[in-house]
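Visitor: Generate coordinates for the entire structure from the input sequences, incorporating the hints supplied.
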Amino acid sequence: MDLGLAGKTAIITGGSGGIGRGLLIEFAREGLNVVSASRDQKTGEGIAEEARAMGLAGTIVAVATDVTDRKSVDAMVAVAHERFGPVDVLINNAGGVAHPAPFEDFDEEGRRWEIALNIDGVVNCCQAVAQDMLGRQQGSIVNISSNASLLGEAANGTVNYGATKGYVNSFSKALAYEWANRNVRVNTIAPGWIVPYEDDQMGPGSFWNRFGKDVIGTPTAMVESMEQGTLHNISNLPLKRLGRPEDIAYAALFFASDRSSYMTGQLVSVGGGAWMF
Numbered sequence: 610m611d612l613g614l615a616g617k618t619a620i621i622t623g624g625s626g627g628i629g630r631g632l633l634i635e636f637a638r639e640g641l642n643v644v645s646a647s648r649d650q651k652t653g654e655g656i657a658e659e660a661r662a663m664g665l666a667g668t669i670v671a672v673a674t675d676v677t678d679r680k681s682v683d684a685m686v687a688v689a690h691e692r693f694g695p696v697d698v699l700i701n702n703a704g705g706v707a708h709p710a711p712f713e714d715f716d717e718e719g720r721r722w723e724i725a726l727n728i729d730g731v732v733n734c735c736q737a738v739a740q741d742m743l744g745r746q747q748g749s750i751v752n753i754s755s756n757a758s759l760l761g762e763a764a765n766g767t768v769n770y771g772a773t774k775g776y777v778n779s780f781s782k783a784l785a786y787e788w789a790n791r792n793v794r795v796n797t798i799a800p801g802w803i804v805p806y807e808d809d810q811m812g813p814g815s816f817w818n819r820f821g822k823d824v825i826g827t828p829t830a831m832v833e834s835m836e837q838g839t840l841h842n843i844s845n846l847p848l849k850r851l852g853r854p855e856d857i858a859y860a861a862l863f864f865a866s867d868r869s870s871y872m873t874g875q876l877v878s879v880g881g882g883a884w885m886f
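Numbering follows our numbering, in which position 90 of the sequence shown is assigned residue number 699; successive positions increment by one, without gaps.
Don't read these hints as lab results, they were simulated from the structure. Just so you know, these numbers come straight off a predicted model, no measurement behind them. Fair warning: there could be bad hints in the mix.
[What the hints assert, rightly or not] Cut-off 35 Å, straight-line C-alpha distance, at most; resulting in silico cross-link-like pairs (DSBU-like, lysine-lysine):
(1) 849 <-> 822
(2) 782 <-> 822
(3) 651 <-> 822
(4) 680 <-> 822
(5) 680 <-> 782
(6) 651 <-> 680
(7) 782 <-> 849
Guide: Here it is in structure tokens:
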């Protein structure tokens, strides 16, 4: 199905992580011109080169961006204007866990880090593209939340993170209502466990490389455990397979396109049926 997105301009934050890579590649495959906004410009440039080698229709440009800093976000949007024109699509994918810990032991530094990245980063980026979208009365924002905001067990050991993603859910719904009469849509995707295909398909800032591989294992080890029937987070899933980065990208592409033009303020969990509404 042609989603009608070819030639449009998208900003995707957090492009150096596992989900981010999938978003960048699939959006470029669909023909969008994409700004990869991440602190890790090197990884973003590597993915952009990979997209070029694959002959994808869209262009990826990596821009070093700290989404917690509004000036940095504004500078990134200026690059998007210079290279591609007004922003049509914003995917707020940057986010993460500072470190897992029992809530009673969680430190203030980690708490503030999660609030800045998961909340302030989303707010900064939405405000930074507001003029482009509201001024032209068109645009789609997709905020990436987490099943940790929907399921208590999914936030076990990451309570504050789950709470910050709960803010994203509420923020998205409120903003969707406020901007609907100017034809700017805001929807939310809550991923479950999403696993890259290779152990090195994510930048050093990704949770996989900061602590994930030590806590839950490498992506390849998870595949082996799944095949052996010992992967703990698969046994209770209705859909018994690993979630992959493109699963999030496909949902985001749908929300980005006019195929979802009668949908706003919606939250969809992409997690194998772990959460059903």
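Visitor: Broken hints, numbered, in rising order?
Guide: none
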